[in-house]
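Single-letter residue listing:
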Amino acid sequence: MNIAFPEPDPELAEVSAAASAMLVRLGGLEIARGLLDGDDKAARRADAMLLEFGLLDLAACEDPARPAPLRHLAAVTGALGSFVLAARYIPGLVCAHLATAMGLEAPQGWTGAVAFWDSPSADLAWARNARGLVLHPSGAKVDGAAVNIVGDISDSVVFLPAQIDGEELLIAVEVGGAGVDVRPRRSLSPTLQISDIAFQGASAKVAARGEAARIALHSAHRLALCAVATAQAHAAATAAQMATTYAQERFQFGLPIGSFQAIKHRCADMYIEAQLARSMADAAVADAGNLDAPHAAKAFCGDAYSFVATKAVQIHGGIGITWEHAAHLFFRDAHASATLLGGAAAHRRVLAGRARSAGGALEAV
Amino acid sequence: MPLPLALSGLPDAPSETAAVELVEAWLRAELAPEWVRAIDASDPVALFALREDDALSTAWFSKLGPTGLSTAAWPVAYGGLGLPRARAQTIGRTLAKYGAGPPLKYFTGLNHAGPTVLDCGDEVQRVRFLPPLARGEEIWCQLFSEPGAGSDLAGVATRARREGDNWIITGQKVWTSYARQSDYAILLARSDPDKPKHQGLTFFILDMRLPGIEIRPIKQITGMAEFNQVFLDEVIVPDSFRVGGVDNGWRVATSTMLSERAGLGNQPGETADVAAKLLARVAADPESEPAILDQAVALRLREIALNLVMARVAHDARAGTPGPEGAIGKVCRSELSQAVSELGVAGAGLGGLDWKPRDMGSPAAALLVTRAATVAGGSSEMQRNIIGERVLGLPKDPGVDPRTPWRDLRRS
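So the sequences go chain by chain: A and B. The first sequence runs 1 to 365 under this note's numbering. The second sequence runs 1001 to 1412 under this note's numbering.
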């Protein structure tokens, strides 16, 4: 496991700043708060503006066999992360990437999903989703269930990775059709939409199979890992900054609480974790050929964000556990996003397996 | 002294790569053959043994020092090469790659005393002290810390009393490396106890062979005695050995600490990625507990992240915007080295417990030797204060009153 430092690209900071400025105009953290309170007006405006911004086009896959750096995409998902919005858009980006990787049209807008959000690696996705899924001999109908589908799948398509008779298939099912029963679930984080689907004779289509399916799914999974990790790193930095600012403004015993070492050192620790996470995510995004880096980033950034968001609630004290304050938006998002695509431990296990098969060779580790 | 012929192209080398090539070629020609073999074989144990051999490493520095390579950023008149900082750092990294940097006993002189005299000393002091220091003819130590002034360095109690053209120094210093071998020391002492603590300090060069100086080694938990206590009893120092103004010693000591921090990038003790080594060992053992392997991966991830942040800091510094993230390095590297050593023992079972004094290689020894990392050179707590106050802009600790005369402060 070796991950190189990428030369920073100043252009990306501008992309990120433009996206941030747009999100601020649209309401900033109030977009996510609206969703928590059952009001999606601001979120729908953001949906439209982000389409106009061209974010979805950044996810298009030109050649799945030759993975490209994801720096522009990451610059925007980082900004989304800072406003706790990444989980709303990443599933659609991933779906668009997979569809275009297979030579298909991307679904409309931010809808559509790939059913692999439980899986720490693309390889593991095949077996997991094969459970209970039965493809009719014609290949045109499917029975069974798919659980923990992340994203907005209403009237759209869901791509199901499945291993049937020893062959990897990506099965496309139109969600609006007959024999598809979608059960949306409410989740910890307002921007994260999770659903289960039951299929009974639902119309299906094999979108890709074998090598082509494996390459396309791998490319989409890598994008998902990099996008989530980047969003986590940026969200961690924002939450750390929010709590540090509060530590300067909140007075107790006649002094800003940030002057006390108990608080000051926590602020330093939050800053450190956010900085480390950011470097880890940047490196994964930039190095398309490194198979370890996305797992390393997801493992590290997920833990870092959870650490920061947890400390941020604590530093805010009483106000931090109120509904009105934004601290819990980060806290919810941190712990929810940490489990996307498998938790940190699952990714460390992937990396441990590779270290083991490298036989302890120093260079490989 | 002019550069050896093989290095004469160094000041005008067209690129960093060309500079590295020149230095590498010179090193390969001048280093002992077994030294080059140890480098080529990536054999850290052999290299460590070579560096530990005092006669060998002293002989090496008597060859390296006069070239000016280890003081490349200093002016030529004072034993340097007058090269830009970036070029000097490139040379430093190349020396480090060959384990051929200055031996540890010259570290304080080259990284603390030298830069301080260069920055704050007068011309007589620079001409007298810098060239022999650069050539490795004189060894220096540092007399800053005291039993009552560790993290709170500005609280030092060692007294400097003016008597005519001399100063009479009395007090007790601690954590001094190479005190016994040293020819000179840089010394921070209290010249006016009635002023607030930062304002009553004066900075001196001290001849370590003067009467009234007693040195006692401190045995550490590793069984080794790398540090000393130094007792100063009415030591007479001429005023010409004062560096900077009377009562202006804090400003001079700050210069020392800044050059210390700038020199951190090429610390002699800097080791390769410790977590990578641990992970390789744990992964290669089929008996390893899965939880230990998981933790070894986690530590390696942290090490990679830290290396990436440090690379970013170095990149920003080259681009002219030094990142405040640099403060992360000390706290993370030291704590990582401890965590790695702890996991190393936890994962090795009873087989990892073998230990004897002065042992350096075993897991048990690593557990002990890494304890110093979070204390020496600014404790982790002080590093977090630095990050909190200088990077994040949080207010100073309320316990610090900058106006109280030093005499009235409570001391342990």
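Careful: at least some of the hints might be erroneous.
[Claimed, not checked] Among the chain A residues that face chain B by a calculated CB cut under 10 Å, a handful are:
no.	residue
1	Glu7
2	Gly254
3	Ala268
4	Thr322
5	Arg349
[To be verified] Here are a few chain B residues that sit away from chain A, every Cβ distance over 10 Å (derived from the structure):
no.	residue
6	Glu1021
7	Pro1066
8	Ala1305
9	Ala1311
10	Asn1385
Read the hints as simulated data drawn from the structure, not as lab findings. Backbone N, C-alpha and C define an ideal beta-carbon position, used for all residues, glycine too.
Status of the hints after comparison with the structure:
1. For A/Glu7, the suggested interface contact is upheld, since its CB lies about 7 Å from the closest CB of chain B, less than 10 Å.
2. Interface restraint check: A/Gly254 against chain B, minimum CB-CB distance 8 Å, threshold 10 Å, status holds.
3. For A/Ala268, the shortest C-beta to C-beta distance to chain B is roughly 4 Å, which falls under 10 Å, so the interface hint holds.
4. A hinted interface residue such as A/Thr322 counts as satisfied when its beta carbon comes closer than 10 Å to some beta carbon of chain B; here the least separation is about 24 Å, so the hint is violated.
5. Residue-level restraint check for A/Arg349 holds (minimum Cβ-Cβ distance to chain B is 7 Å; threshold 10 Å).
6. Distance check for B/Glu1021 against chain A: the nearest CB is about 22 Å away, which clears 10 Å, and the non-interface claim stands.
7. No Cβ of chain A approaches the Cβ of B/Pro1066 within 10 Å, the least distance being about 36 Å, so the stated non-interface status holds.
8. With 10 Å as the threshold on Cβ separation, the claim that B/Ala1305 sits away from chain A is violated: the shortest Cβ distance comes to roughly 4 Å.
9. With 10 Å as the threshold on Cβ separation, the claim that B/Ala1311 sits away from chain A is violated: the shortest Cβ distance comes to roughly 4 Å.
10. Taking the minimum C-beta to C-beta distance to chain A, about 6 Å, the non-interface status of B/Asn1385 is violated against the 10 Å cut.
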